Amino acid sequence: MIQVEGLTKIFHDKKRGKIVAVNNLQFNCQKGQVFGLLGPNGAGKTTTLRILATMILPTKGEIMVNGLDIVKHAAKVRRQIGFLSSETGLYDRFTPRETILFFGRINGMADKIIEKRMAEIFQNLDMKDFQDVRVNKLSTGMKQKLSIARSIIHNPPVLILDEPTVGLDIITAKTVIEYVKSFRDQGKCIIYSTHIMREAEKLCDKIAIIHQGNLIAQGTLEELKKNSLFDDLEEIFFELINQGENQE
Amino acid sequence: MSWKNIKLIFIKELVGTIRDKRTIIAMIIIPLIFYPLLFAGIGYFNKVGSMKSEEAASKIIIYGAEFAPQLVKHLQDYEKIEILVIEDDSPSKLQNGDIQAVLVIPSDYKEKIEQEEPNKLMLKYDATEAKSRIAKQRIDQVIEKYQGEILLQRLSRLNLKEEFLTPLILQEENIATAEKITGSFLAVLLPYLIIILIFTGAMHTAVDITAGEKERGTIATLLVSQISRLEIVLGKCFAVMLISFTSMVLGLFGLTLAFLSGTSIARGIEGVKFGISVNTIFLLFLVLFPLVGLASAVLVMVGIFARNIREASSYITPIYMLTIFLGIISISQGIELTGKMFLVPVLNSSFVFKELLMGKIYWSHIITTFSANIIIAGIALFGATRLFNQEEVLFRS
Ligand SMILES: Nc1ncnc2c1ncn2[C@@H]1O[C@H](COP(=O)(O)OP(=O)(O)OP(=O)(O)O)[C@@H](O)[C@H]1O
Ligand SMILES: [Mg+2]
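Just so you know, the protein sequences line up as chains A and B, in that order. For reference, each letter of the first sequence is one residue, going 1 to 248 in full-length UniProt numbering. For reference, each letter of the second sequence is one residue, going 1 to 397 in full-length UniProt numbering.
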């Protein structure tokens with residue numbers, strides 16, 4: 001469903017000069033799979049996901065979402081994806097209900113269908129209690145639930161989630177993870193970035209480890225374990241990063 | 001492009017704006033409550049002040065009163081003049097306000113009157129003090145009246161009639177129509193006020209829904225949805241236009257209220273006849289609409305370009321100053337624009353407003369102004385849409 005080939009993104013910053021944020025990435029993700037992008041701060045996770053979500057253009061590389069080139073058919077690709085990141089904020093002056101209605105409508109849905117889906121999502125995410133409270137009065141966890149609801153209201157086949165559990169307590173984080181699992185079971189294709197090993201271990205069918213823009217390993221958890229001395233994702237991770245740095 | 005999407009953005013921005021307390025304060029409380037109260041307050045205190053100084057009798061000193069007993073009698077008879085008899089030095093008394101005027105009568109007063117020669121009286125007062133000015137007016141009145149009596153006496157001694165003094169009488173008639181009187185009164189200030197109100201009305205919302213959205217981190221949410229950049233820009237621009245137009249109307253209404261409440265207490269409303277024709281109003285709107293569009297489009301573009309609200313404000317300040325400058329040109333009397341000058345935005349509208357309010361309709365000016373402003377607004381909207389596609393502009397921090 002998602003095919004990424006030779007993805008490179010170079011930024012030109014006045015102070016820092018040329019920054020290779022993502023270098024020659026290669027991966028693909030199928031229906032009913034959670035693909036994990038695992039990497040430390042500044043690895044290039046957000047940059048990769050922004051490109052997949054058509055918010056910025058790749059410097060090089062070919063990316064197909066559901067058979068559509070993301071550069072040539074950006075508008076059509078947007079119809080296929082739900083995008084959630086720390087930068088997709090919510091409107092403070094609206095309530096969750098109003099927010100979902102608005103985003104449903106601009107995604108071309110009829111009000112009846114929005115209402116029906118909204119009721120389902122609010123039920124699943126346990127949002128009914130605060131559905132009519134303005135967003136500026138909600139807690140971080142409530143806001144994140146609303147953000148998830150917003151990103152899936154139009155029922156997209158592809159979900160791009162950039163660190164969706166960041167800043168959440170363990171209970172809310174668990175709800176989010178369970179919910180992502182249920183999307184996988186519905187057959188959605190999910191790209192999930194995180195720097196938390198445990199999450200990647202629990203959730204991801206395939207994991208790509210990136211460091212300083214480079215893909216340093218890729219595969220299922222079992223495959224990664226097989227190619228490593230270690231049994232634990234965290235240790236595999238440090239092993240790979242050390243190898244990567246020694247090569248430079 | 002779909003109107004449905006534009007309308008969704010338009011409504012979202014309007015609802016968001018109306019739920020923002022600052023907008024309500026700026027749009028409704030300040031023009032409709034604060035201005036009138038302020039003006040009414042100023043008018044009230046003015047009135048109380050002037051009533052006090054008019055009620056009190058003016059205290060004056062006369063030097064050489066013994067030389068002109070009749071004149072002094074006239075002054076004494078005037079109810080609100082009180083002649084003090086003091087001996088100490090008056091200039092300081094005049095300065096510290098104990099007395100309001102000093103009249104000096106020369107010692108040869110009587111002889112000069114008899115010889116029918118001009119008589120020089122000296123009146124000392126303080127023009128910066130309201131009470132002293134009033135004292136001067138009162139003394140003027142008395143002297144004028146007394147002088148009239150002397151003149152009549154002299155005329156009758158010569159066997160001449162009073163009419164002898166007025167061989168010519170000039171009668172005046174003002175042929176300006178009610179429309180033109182209202183117009184010229186309004187034409188001076190109104191174009192300037194309209195322009196300022198449109199800009200200030202658009203500013204806050206335009207910045208809030210563009211740079212403000214970047215600052216609050218909600219713009220990306222909109223950009224990953226299926227709505228196009230153009231639809232977003234248009235929806236936002238239309239919302240700013242409506243807010244700007246409404247603020248202008250409320251602002252003008254508030255200022256009118258303020259003006260009336262200020263003057264009605266102080267002086268009472270003078271019967272300003274209102275004479276604007278329906279045609280003129282229609283044409284005013286025809287010129288107003290592109291101006292509102294232009295202001296909104298430019299401000300939205302600047303807001304999209306800016307990283308945050310603060311940066312947007314600093315870009316907008318010079319634009320605002322330029323606007324005020326162009327508006328002020330229209331206030332200055334005697335400046336006429338030549339044909340090509342009607343291509344200059346803002347300036348052109350203010351002059352066409354002025355012409356229309358004076359009852360003059362120059363189609364070439366109206367058409368030039370209309371098209372120039374629409375085209376510039378269109379370019380700004382196009383620019384804003386292009387900016388939305390530039391990642392440096394969206395993700396600068
Ligand atoms: N707009 C930009 N201009 C310049 N450099 C950028 C820009 N966006 C990202 N970068 C740089 O690209 C690199 C990758 O950043 P990115 O945000 O993709 O990392 P990340 O993996 O998401 O990190 P984190 O875990 O902190 O979110 C960093 O060095 C960052 O400074
Ligand atoms: Mg990130």
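Hints listed in this document are in silico derivations from the structure and should not be mistaken for laboratory results. All of these numbers come straight from a predicted model, not from anything done at the bench. Be aware that one or more of the hints could be misleading.
[As the list claims (entries may be wrong)] Only pairs whose alpha carbons sit at most 30 Å apart, straight line, appear in this in silico BS3-like list of lysine-lysine:
#1 B:Lys52 x A:Lys128
#2 A:Lys143 x B:Lys21
#3 A:Lys31 x A:Lys202
#4 B:Lys120 x B:Lys110
#5 B:Lys21 x B:Lys47
#6 A:Lys116 x B:Lys7
#7 B:Lys7 x B:Lys59
#8 B:Lys145 x B:Lys73
#9 A:Lys181 x A:Lys143
#10 A:Lys60 x A:Lys31
#11 B:Lys124 x A:Lys137
#12 B:Lys59 x B:Lys80
#13 B:Lys93 x B:Lys124
#14 A:Lys143 x B:Lys7
#15 A:Lys76 x A:Lys137
#16 A:Lys128 x B:Lys21
#17 B:Lys124 x B:Lys47
#18 B:Lys161 x B:Lys73
#19 A:Lys181 x A:Lys15
#20 B:Lys73 x A:Lys112
#21 A:Lys116 x A:Lys60
#22 A:Lys128 x B:Lys110
#23 A:Lys72 x A:Lys128
#24 B:Lys124 x A:Lys116
#25 A:Lys174 x A:Lys143
#26 B:Lys59 x B:Lys4
#27 B:Lys73 x B:Lys21
#28 B:Lys4 x A:Lys143
#29 A:Lys112 x B:Lys4
#30 A:Lys137 x B:Lys7
#31 A:Lys116 x A:Lys128
#32 A:Lys72 x B:Lys47
#33 A:Lys72 x B:Lys7
#34 B:Lys52 x B:Lys145
#35 A:Lys225 x A:Lys206
#36 B:Lys73 x A:Lys76
#37 A:Lys206 x A:Lys72
#38 A:Lys60 x A:Lys15
#39 B:Lys52 x B:Lys110
#40 B:Lys93 x A:Lys76
Unsatisfied constraints (hint numbers, rising): Violated hints: 1, 5, 7, 11, 15, 19, 20, 21, 22, 23, 24, 26, 27, 32, 36, 39, 40; rest satisfied.
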